[in-house]
Amino acid sequence: MLIDQAKCVACGNCIPVCPVGAIYIDPAAGRARVNQDECVECHACYRGMSKEHLWPPMVRAVRRVAKAFRFRFDPEPDICPTDALTPQELAWPRIVRRAFSDPLVPHESTGIHGRGTAEVKTNDVTGRVKEGEAGFVIEFGRPGVGARFRDIQKMTTALAALGVEFERQNPVTSLMSDAARGAIREDVLDEKVLSAIVEVKVGLEQVPRILRAVEEVARQVDTVVAVGVSTRCAGDGSERLTAVLAAEGVPAYRGKTNLGLGRMAAVGGGR
Amino acid sequence: MTNTLHRWSEHYAPGRRAEAPPVTDDFIVFAMAARGLNDEGDAEKYRTFARLAFAHNPVNVGDGSRGGMYRPSPALTPGAHWRRDDRPDPEVLLRGIEGHTVLAAVFRTREDMEGFVRDLKAADLGISINISAPMDAAAACCRAAGLTRHSVEYSLGFQGRLDRLPDRAVLEISTMCGHGMVSGNLVKKLIDWVKEGRRTPAQATGYLARFCTCGVFNPTRAEALFEKARTSGA
Numbered sequence: 001m002l003i004d005q006a007k008c009v010a011c012g013n014c015i016p017v018c019p020v021g022a023i024y025i026d027p028a029a030g031r032a033r034v035n036q037d038e039c040v041e042c043h044a045c046y047r048g049m050s051k052e053h054l055w056p057p058m059v060r061a062v063r064r065v066a067k068a069f070r071f072r073f074d075p076e077p078d079i080c081p082t083d084a085l086t087p088q089e090l091a092w093p094r095i096v097r098r099a100f101s102d103p104l105v106p107h108e109s110t111g112i113h114g115r116g117t118a119e120v121k122t123n124d125v126t127g128r129v130k131e132g133e134a135g136f137v138i139e140f141g142r143p144g145v146g147a148r149f150r151d152i153q154k155m156t157t158a159l160a161a162l163g164v165e166f167e168r169q170n171p172v173t174s175l176m177s178d179a180a181r182g183a184i185r186e187d188v189l190d191e192k193v194l195s196a197i198v199e200v201k202v203g204l205e206q207v208p209r210i211l212r213a214v215e216e217v218a219r220q221v222d223t224v225v226a227v228g229v230s231t232r233c234a235g236d237g238s239e240r241l242t243a244v245l246a247a248e249g250v251p252a253y254r255g256k257t258n259l260g261l262g263r264m265a266a267v268g269g270g271r
Numbered sequence: 001m002t003n004t005l006h007r008w009s010e011h012y013a014p015g016r017r018a019e020a021p022p023v024t025d026d027f028i029v030f031a032m033a034a035r036g037l038n039d040e041g042d043a044e045k046y047r048t049f050a051r052l053a054f055a056h057n058p059v060n061v062g063d064g065s066r067g068g069m070y071r072p073s074p075a076l077t078p079g080a081h082w083r084r085d086d087r088p089d090p091e092v093l094l095r096g097i098e099g100h101t102v103l104a105a106v107f108r109t110r111e112d113m114e115g116f117v118r119d120l121k122a123a124d125l126g127i128s129i130n131i132s133a134p135m136d137a138a139a140a141c142c143r144a145a146g147l148t149r150h151s152v153e154y155s156l157g158f159q160g161r162l163d164r165l166p167d168r169a170v171l172e173i174s175t176m177c178g179h180g181m182v183s184g185n186l187v188k189k190l191i192d193w194v195k196e197g198r199r200t201p202a203q204a205t206g207y208l209a210r211f212c213t214c215g216v217f218n219p220t221r222a223e224a225l226f227e228k229a230r231t232s233g234a
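Here the protein sequences come in this chain order: A and B. Quick note on numbering: my numbering labels position 43 of the first sequence as 43, and the sequence is numbered without any gaps. Quick note on numbering: my numbering labels position 167 of the second sequence as 167, and the sequence is numbered without any gaps.
By construction, these hints were calculated from the structure, which means they are not laboratory data. If you're wondering where the values come from, they're calculated on a predicted model, not measured in any experiment. Positions of the beta carbon are idealized from the N, C-alpha and C atoms, including for glycine. Keep in mind that a hint or two might mislead.
Residues from chain A shown here face chain B by an in silico Cβ test under 7 Å; the list is partial [claimed, not checked]:
(1) M58
(2) T86
(3) G144
(4) V224
Extracted from the complex, chain A is given alone in its bound form (with noise of 0.2 Å):
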């Protein structure tokens, strides 16, 4: 993302919008700036602030008298006041962040908008998680953290080194370059975005290693850590990965809950 220097009035609107904090004012020129190196290209800020169209040296100048008498502006806040905002051309491998971090555009890899992933979310179509099996989604950079490819790939050649398996269907997937490894590309390690899930399957039995090895790299990342599991359960909707998942003392108390109402088109049956 860029602020046309010409258009911005310096009202400092778009600073706390920002999901990571990478604008600034900049006292030399007096106007809001983006760190290039922090910004996501979320779009957060030129999507979801609304825009008034005035004329900058008007507004400035409104600004200054203000200022001068000590009145203390108190204008909506979550208006860019003379659209200053400004996308900017991608090319790789800064493309990667606004797939990662801006929910409006669906990954290549999968269609999918949002984070990329379906997750147990359409298993009572695509029969992705089994009974007996685990889906761990491990969430990278939310809330607001962001989050450098060469942070995740700590846990993707971790979690390799066990043995699990990634989902295809996934977007960190997608940018490995061995995934027997867990390893992924090496011109987008640095790459930061706001958050990115990997995916990975094993059986049940395997959830509580799995949990340990979690929390062993989460404690080696510059970010935060959100883990998620998933379980198909059986006819009767009862399944066992509430008593795995008690057995090592982590709570589950919230989730989603597919209530298997999808099918497959024309030949039916996801069950």
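Assemble the complex: chain A is given as a structure, and chain B must be docked to it using the hints.
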């Protein structure tokens, strides 16, 4: 789109305090077709989902590829600083639905969610329907609707650099947009503004709801949390 899995609250946080009250005003139902397996003609199914949702008092409804009920304005006049019409228009949402997306509806009460799920069962859309809520509430909803759950996914909370997370009052509001479009810094600013009497909880909530692009932000809960923050010293 794991955008609703990790909605933070004191009650459901690991190591929760015994006195932290459970969340009783935040229930999400969403619909998602499987790419290439049952997504043909899904736009009309999503429209049906949204129409059925509107009959059960949703506090938000969102199209994951177009936006929620609350959206920013591309061309305001300066008068907006004094008077701003930000009432949601369900028709805009319905007209915008086209092709592959995810539709979500947020409810304030479990009864509203249960009524909606019963309608969805009767409508038999054939696409996947999920509840994102406390697991006991989801299980009760399934029983009430005569459904047997197919799969479950549990949030196990946050690990790693927890020192980089904002405080609990901010976290409880900002994680209601799991995609991270509701900035923690903006929530903090608005909590301060509410405390200073510069904005009401409802106004503060309105600003934030417009940033959530898939409409899973719960304005009713956010307003209550702003009110709580105003008086609790958070």
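So, going through the hints one by one against the coordinates:
no., hint, in the structure
1, M58, "violated (11 Å)"
2, T86, "violated (14 Å)"
3, G144, "holds (5 Å)"
4, V224, "holds (5 Å)"
The structure is inconsistent with the numbered hints 1, 2, although it conforms to all the rest.
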